[in-house]
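Undergrad: Residue strings, one per chain:
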Amino acid sequence: MTRDYPEKPKQVYFFGTCLIDLFYPEAGLHGIQLIEREGIAVFFPPEQSCCGQPAYNSGYDDEARSVAAAQIACFPKDIPVVVPSASCASMIREQYPSLFEGSSLEQAARSLAERTYELTEFLVEVCHIQLKDQGEPVKIVVHHSCSAQRHMRTSHQTQKLLNQLGNVAVVQQERANECCGFGGTFSVKAPEISNAMVQDKCDSLMATGAQQLVTGDCGCMMNITGAIEKRGDQLNGKHVASFIWERTQ
Amino acid sequence: MTTQDAGHINLNFKNRVNEALADQELRGNFRGAMDFLMQKRAAMFPDQEDLEALRKRGEQVRNRCLQQLPDLLEQLEAQCVSNGIQVHWAETAEQANNIILGIMRDHQATRMVKGKSMASEEIGLNHFLADHGIEALESDMGEYIVQLDHSTPSHIIMPAIHKNKQQIARLFHEKTPGVEYTEDVDKLIGTGREVLRQKFFEAEVGLSGVNFAVAETGTLCLVENEGNGRMSTTVPPVHIALCGIEKVVQSLADIPPLYRLLTRSATGQAITTYFNMISGPRKPDELDGPQEVHLVLLDNGRSRMYADKQLQQTLRCIRCGACMNHCPVYTRIGGHAYGSTYPGPIGQVVSPQIWGLNNAGNITQACSLNGACRDACPVNIPLPDLIRRLRHDGNNSTAEGQTAGQGQLRKPAEAVIWKFWALLNRSPLLYRLTLWSATRFRKLIPSHIGPWTRYRSAPRPASKSLHDLMKASGTQTNHPTNQP
Numbered sequence: 001m002t003r004d005y006p007e008k009p010k011q012v013y014f015f016g017t018c019l020i021d022l023f024y025p026e027a028g029l030h031g032i033q034l035i036e037r038e039g040i041a042v043f044f045p046p047e048q049s050c051c052g053q054p055a056y057n058s059g060y061d062d063e064a065r066s067v068a069a070a071q072i073a074c075f076p077k078d079i080p081v082v083v084p085s086a087s088c089a090s091m092i093r094e095q096y097p098s099l100f101e102g103s104s105l106e107q108a109a110r111s112l113a114e115r116t117y118e119l120t121e122f123l124v125e126v127c128h129i130q131l132k133d134q135g136e137p138v139k140i141v142v143h144h145s146c147s148a149q150r151h152m153r154t155s156h157q158t159q160k161l162l163n164q165l166g167n168v169a170v171v172q173q174e175r176a177n178e179c180c181g182f183g184g185t186f187s188v189k190a191p192e193i194s195n196a197m198v199q200d201k202c203d204s205l206m207a208t209g210a211q212q213l214v215t216g217d218c219g220c221m222m223n224i225t226g227a228i229e230k231r232g233d234q235l236n237g238k239h240v241a242s243f244i245w246e247r248t249q
Numbered sequence: 001m002t003t004q005d006a007g008h009i010n011l012n013f014k015n016r017v018n019e020a021l022a023d024q025e026l027r028g029n030f031r032g033a034m035d036f037l038m039q040k041r042a043a044m045f046p047d048q049e050d051l052e053a054l055r056k057r058g059e060q061v062r063n064r065c066l067q068q069l070p071d072l073l074e075q076l077e078a079q080c081v082s083n084g085i086q087v088h089w090a091e092t093a094e095q096a097n098n099i100i101l102g103i104m105r106d107h108q109a110t111r112m113v114k115g116k117s118m119a120s121e122e123i124g125l126n127h128f129l130a131d132h133g134i135e136a137l138e139s140d141m142g143e144y145i146v147q148l149d150h151s152t153p154s155h156i157i158m159p160a161i162h163k164n165k166q167q168i169a170r171l172f173h174e175k176t177p178g179v180e181y182t183e184d185v186d187k188l189i190g191t192g193r194e195v196l197r198q199k200f201f202e203a204e205v206g207l208s209g210v211n212f213a214v215a216e217t218g219t220l221c222l223v224e225n226e227g228n229g230r231m232s233t234t235v236p237p238v239h240i241a242l243c244g245i246e247k248v249v250q251s252l253a254d255i256p257p258l259y260r261l262l263t264r265s266a267t268g269q270a271i272t273t274y275f276n277m278i279s280g281p282r283k284p285d286e287l288d289g290p291q292e293v294h295l296v297l298l299d300n301g302r303s304r305m306y307a308d309k310q311l312q313q314t315l316r317c318i319r320c321g322a323c324m325n326h327c328p329v330y331t332r333i334g335g336h337a338y339g340s341t342y343p344g345p346i347g348q349v350v351s352p353q354i355w356g357l358n359n360a361g362n363i364t365q366a367c368s369l370n371g372a373c374r375d376a377c378p379v380n381i382p383l384p385d386l387i388r389r390l391r392h393d394g395n396n397s398t399a400e401g402q403t404a405g406q407g408q409l410r411k412p413a414e415a416v417i418w419k420f421w422a423l424l425n426r427s428p429l430l431y432r433l434t435l436w437s438a439t440r441f442r443k444l445i446p447s448h449i450g451p452w453t454r455y456r457s458a459p460r461p462a463s464k465s466l467h468d469l470m471k472a473s474g475t476q477t478n479h480p481t482n483q484p
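Residue numbers (the working numbering), protein chains in the order written: chain A, 1 to 249; chain P, 1 to 484.
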């Protein structure tokens, strides 16, 4: 389960993810700026779109495969690919190899999977980043996505990164490990179950009295903050990249 | 769950879910019970590394046994026969029911007492026997409660977990003549025990499930806590054991790791109160035990699962129920909403493969693929992968597996949407055109978009996409040079 990490590279690719591209572009930008600040050149191939997970999770493998193949073509050089989402990163790392098993793209899919990193994982394990908190004292609550906890297993790295921020107090929520109910198309295919899950998640987040919600996955953030807003509650959500970038300027 | 009902798992699934979600008492019962069970399991596995090693071992044992399944089944049959156990093979639920009915009729038997057996639920045995004038009484306390309530198990290990103490007290008071209302659990159990004790003596046939069938020795192992399993298999003159064909293990040495995983994962116990090893009928010099023992080996779709490399992993399951205890969906909708003998994650994988995707495939949608079940599974079954695979098979008539009803869940409108989605996401020009329009016309995005906005505010596209920001910032959007 443990992964071997390389030396800090000179160049990396950045895979922005479709959700960040359209809804949370500043999270992508801040992710890139954090990497660049470590002295690494970041390349953003403009042909990139989506990792293919929505179709894959819905059982439309051919459609997912065609989109995945287009992404593989975006990252041909043997340098790390950094993804500001454990969910999309795990799609590439865990699913691409089996999706292309026996095809002409198998080797390329395996190579891409091996050099794909979730953003906080990359900053902690490869860049050995050192942060200096410039922000005001704040109490935050962190939601680790299921992909970060149980697929990429990078939630402890996100935690490590946040722990470097001296003025940030991370408060604990009840049932922190439980899914927020997003699950991609699950949220519209089983909307009532998804809602029951996100309402419970909102309850436990609100009960912490935190001033800010921080998460590494924008799918969860869209789900949780959307539900919080509909309820009329106040809790602002921020991607971990933006949260860190803004406090370490 | 009867075999007649099995065709209707898909029907009204949404209604069952919505009813369960609206039932606050039910949700409280499940939440409380699942929290308790998760804590109990966690306390049994304090060391993560030890747990992983044990799970790996469990997986390896089950895989080795499955790899030689046909040979082990033949060996099991030969050993059982030499031990004096009569072995029957049932390819379908109907055959299994008829074999059991035949044994009952051979003995002019009209009363059966049952230990806990999910396989008997799977084949709808109680209803089948009732239709033929035979009373089959459940003797496991949870099963007894469920039967008294004319209901079905909501959990494979704890059949009555959907009920709280007060509900059970009311049920006993209403359904058992002369029983006062009491919430004293010991008294409630005492009442059940009194009724059952008499039934054990009257029944001509006892039926049980099997947790492990040992090929080398022809031993049938039964894991239980209440002692009713031992009573069901020793007091009546005839014992019938109903066993899924995947339950066979090679040798007695295979059992300790599986047994350790089973009890710790299921109920957070280091060991159960009873572990029964049944090696044949009463011998001439023995004082007790049944005069006849029958083993009914049930296929009912398991060979189809076996034929597919990925889906074969379904058969590793040792039926501990940890996947449902850890499932955030099961915790909220409970077992009955699934409409199948097997609820929760393992049920979402097993049920469509037994009853067909056309009949039971819709329940695979009730999963966020969060992976909690996979991490809890004592034999490392990749449940989310299998659930996703069955979604795929439901959409594709040309899928590789042998599951019935492949392609029959395909919705033409949805298929068109995914085709369009794929076109858009693999063509950079179209993708950027979409981004461009969504960001420029973001104010035109409706605030009500389907089920999403029923419970959440609508997501708002940014005014500039990340692609736009990259272009503007001068970040290198070309490809890197060949320098390291």
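Do not take every clue at face value.
[As the list claims (entries may be wrong)] Okay, the calculated bits of chain A under chain P, using three or more residues with CB under 8 Å as the criterion: (1) 18-27; (2) 67-77; (3) 182-191; (4) 236-248.
Hints were generated in silico from the structure; no laboratory data involved. Just so we're clear, the structure is a prediction, and the values are computed from it rather than from any experiment. Virtual Cβ for every residue (Gly too), placed ideally from N, Cα, C.
Undergrad: Which of the numbered hints above does this structure break?
TA: Hint 4 is the one this structure does not satisfy, whereas the remaining hints hold.
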